[in-house]
Amino acid sequence: MVRQCEHCGERRQALRRPKTGHKVCRECFFQLLEDEVHETITQNQLFKKGERVAIAASGGKDSTVLAHILSELNTRHDYGLDLFLLSIDEGISGYRDDSLETVKRNEVQYGIPLKVLSYKELYGWTMDEIVKEIGRKNNCTFCGVFRRQALDRGAALMKADKMATGHNADDMAETILLNLLRGDIARLSRCTAIMTGEEGALPRCKPFKYTYEKEIVMYAYFKKLDYFSTECIYSPNAYRGYARDFIKDLEAIRPRAIVDIIKSGEDFRISSTARMPVQGVCSRCGYISSQKLCKACVLLDGLNRGLPRLGISRTRGIKSTKGVADIDEKSTVAEAGGNGFSKKLSLEF
Amino acid sequence: MRLNLEFKGGLELLFGSVKCHEVDLDSNEITVEKLLVWIRENLLKERQEMFLKGKSVRPGVLVLINDYDWELMGHLEAPIKDKDSVVFISTLHGG
Numbered sequence: 001m002v003r004q005c006e007h008c009g010e011r012r013q014a015l016r017r018p019k020t021g022h023k024v025c026r027e028c029f030f031q032l033l034e035d036e037v038h039e040t041i042t043q044n045q046l047f048k049k050g051e052r053v054a055i056a057a058s059g060g061k062d063s064t065v066l067a068h069i070l071s072e073l074n075t076r077h078d079y080g081l082d083l084f085l086l087s088i089d090e091g092i093s094g095y096r097d098d099s100l101e102t103v104k105r106n107e108v109q110y111g112i113p114l115k116v117l118s119y120k121e122l123y124g125w126t127m128d129e130i131v132k133e134i135g136r137k138n139n140c141t142f143c144g145v146f147r148r149q150a151l152d153r154g155a156a157l158m159k160a161d162k163m164a165t166g167h168n169a170d171d172m173a174e175t176i177l178l179n180l181l182r183g184d185i186a187r188l189s190r191c192t193a194i195m196t197g198e199e200g201a202l203p204r205c206k207p208f209k210y211t212y213e214k215e216i217v218m219y220a221y222f223k224k225l226d227y228f229s230t231e232c233i234y235s236p237n238a239y240r241g242y243a244r245d246f247i248k249d250l251e252a253i254r255p256r257a258i259v260d261i262i263k264s265g266e267d268f269r270i271s272s273t274a275r276m277p278v279q280g281v282c283s284r285c286g287y288i289s290s291q292k293l294c295k296a297c298v299l300l301d302g303l304n305r306g307l308p309r310l311g312i313s314r315t316r317g318i319k320s321t322k323g324v325a326d327i328d329e330k331s332t333v334a335e336a337g338g339n340g341f342s343k344k345l346s347l348e349f
Numbered sequence: 001m002r003l004n005l006e007f008k009g010g011l012e013l014l015f016g017s018v019k020c021h022e023v024d025l026d027s028n029e030i031t032v033e034k035l036l037v038w039i040r041e042n043l044l045k046e047r048q049e050m051f052l053k054g055k056s057v058r059p060g061v062l063v064l065i066n067d068y069d070w071e072l073m074g075h076l077e078a079p080i081k082d083k084d085s086v087v088f089i090s091t092l093h094g095g
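Protein chains in written order, with the working numbering: chain A, 1 to 349; chain B, 1 to 95.
Hint data in this document are derived by calculation from the structure and do not stem from the laboratory.
Computed Cβ-Cβ distance ranges for the label pairs, DEER-style: (1) 85(B) with 39(A): 27 to 37 Å; (2) 56(B) with 241(A): 15 to 25 Å; (3) 79(B) with 275(A): 55 to 65 Å; (4) 253(A) with 41(B): 25 to 35 Å.
Cross-link-like lysine-lysine pairs, in silico, DSSO-like; alpha carbons within 27 Å at most: (5) 104(A) with 115(A); (6) 55(B) with 19(A); (7) 8(B) with 19(A); (8) 81(B) with 55(B); (9) 104(A) with 162(A); (10) 104(A) with 120(A); (11) 248(A) with 55(B); (12) 248(A) with 19(B); (13) 115(A) with 48(A); (14) 104(A) with 19(B); (15) 223(A) with 19(B); (16) 48(A) with 162(A); (17) 132(A) with 120(A); (18) 248(A) with 8(B); (19) 248(A) with 19(A); (20) 120(A) with 159(A); (21) 81(B) with 223(A); (22) 83(B) with 224(A); (23) 83(B) with 8(B); (24) 8(B) with 224(A); (25) 223(A) with 83(B); (26) 223(A) with 8(B); (27) 8(B) with 55(B); (28) 224(A) with 81(B); (29) 45(B) with 248(A); (30) 55(B) with 34(B); (31) 49(A) with 162(A); (32) 104(A) with 159(A); (33) 162(A) with 115(A); (34) 34(B) with 248(A); (35) 104(A) with 8(B); (36) 53(B) with 19(A); (37) 53(B) with 248(A); (38) 19(B) with 224(A).
On a predicted model such as this, the values are computed, not experimentally measured, just so you know. We put the beta carbon where it would ideally sit given N, CA and C, even for glycine.
Please take these sequences and the hints and turn them into a complete structure.
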């Protein structure tokens with residue numbers, strides 16, 4: 001049976017919005033989604049006029065739609081932002097090289113300049129090389145840690161004031177669940193913040209924090225936005241996949257579960273007796289870290305010394321830098337046999 | 001009955017890396033549920049669990065009939081007739 005849109009009452013219903021259950025037409029859907037993102041941005045004061053903002057772009061659905069909507073809203077509501085696209089090339093053949101082609105097209109389509117930074121130039125290792133070295137487990141640990149730093153470095157290089165990422169509501173719910181399952185209290189307390197990093201590191205925000213993945217995909221489909229959509233070849237073993245499957249099953253039964261999990265996460269209060277790590281800086285590269293050496297330095301050391309489990313296996317006691325304590329803080333990995341690592345870390349944080 | 005099936009969001013990899021399939025079915029009118037059975041038996045080349053779960057599609061796969069959300073038309077009971085276009089989009093990949 002054909003029914004009219006519950007918002008405008010005129011056009012035919014095209015989809016059912018998971019967050020609200022509303023059945024709306026295409027045009028109202030676009031307007032409602034864009035207005036909601038605008039409201040998220042203004043209510044949480046994500047941007048200031050004149051800011052230079054790096055849009056972390058992978059060529060995937062979330063970052064492509066983010067680039068589209070952000071540039072649209074920037075014009076429509078006069079945010080006055082100086083936007084550019086920032087992409088990281090992890091060196092995953094058959095995956096990243098294809099998605100980078102998409103970002104290059106986005107650069108043209110949205111008229112937003114693009115900067116690409118690679119793991120090879122930053123760390124001396126591509127993900128393909130890393131996987132060859134460490135095997136098929138814990139790949140995402142390396143990649144995620146390196147990418148986070150790579151984005152910060154890229155944004156700093158390009159003199160950005162802020163970064164925007166395409167993390168959506170489904171991602172947020174998965175992350176909360178993941179941290180819960182792992183007993184990672186520190187991350188659990190931080191992961192629902194819509195803007196992070198104001199204490200020194202480059203602030204990064206998530207305009208899509210309350211936006212359902214289904215709506216991002218529908219938006220892109222109806223607007224015929226060009227994005228790259230293949231699962232990373234190394235990801236099937238990632239633990240997040242289990243959280244994702246569970247969230248998807250929950251969504252099928254009760255779509256509001258996703259925003260409700262986010263709400264639960266936001267209102268968690270950590271017991272005052274829980275032991276929490278103190279934030280400092282890495283003694284070698286200066287990046288934000290709760291340990292003497294940041295995770296990226298530990299992982300890279302492991303790679304360069306042929307100790308792939310360094311930084312991955314649990315060590316006893318609080319100090320997880322056990323095993324790297326014998327590395328002289330002043331020595332560079334290049335001296336220890338690395339490849340160009342020390343040169344790239346002349347960037348200060 | 002002739003149908004246009006489209007597989008997007010990475011699903012095409014399960015169908016010989018071909019996104020668009022023009023297919024011919026014997027019935028005059030079927031439901032999505034029956035179409036899924038037909039797809040499983042006639043088109044799906046590999047890794048069933050990436051596309052199907054039980055009687056339905058794997059959670060995270062969106063279904064559109066003539067560009068309308070199947071959730072508006074009864075999900076698995078949604079009717080499909082001659083010359084319809086059915087699009088399956090997976091959301092299960094990086095953003």
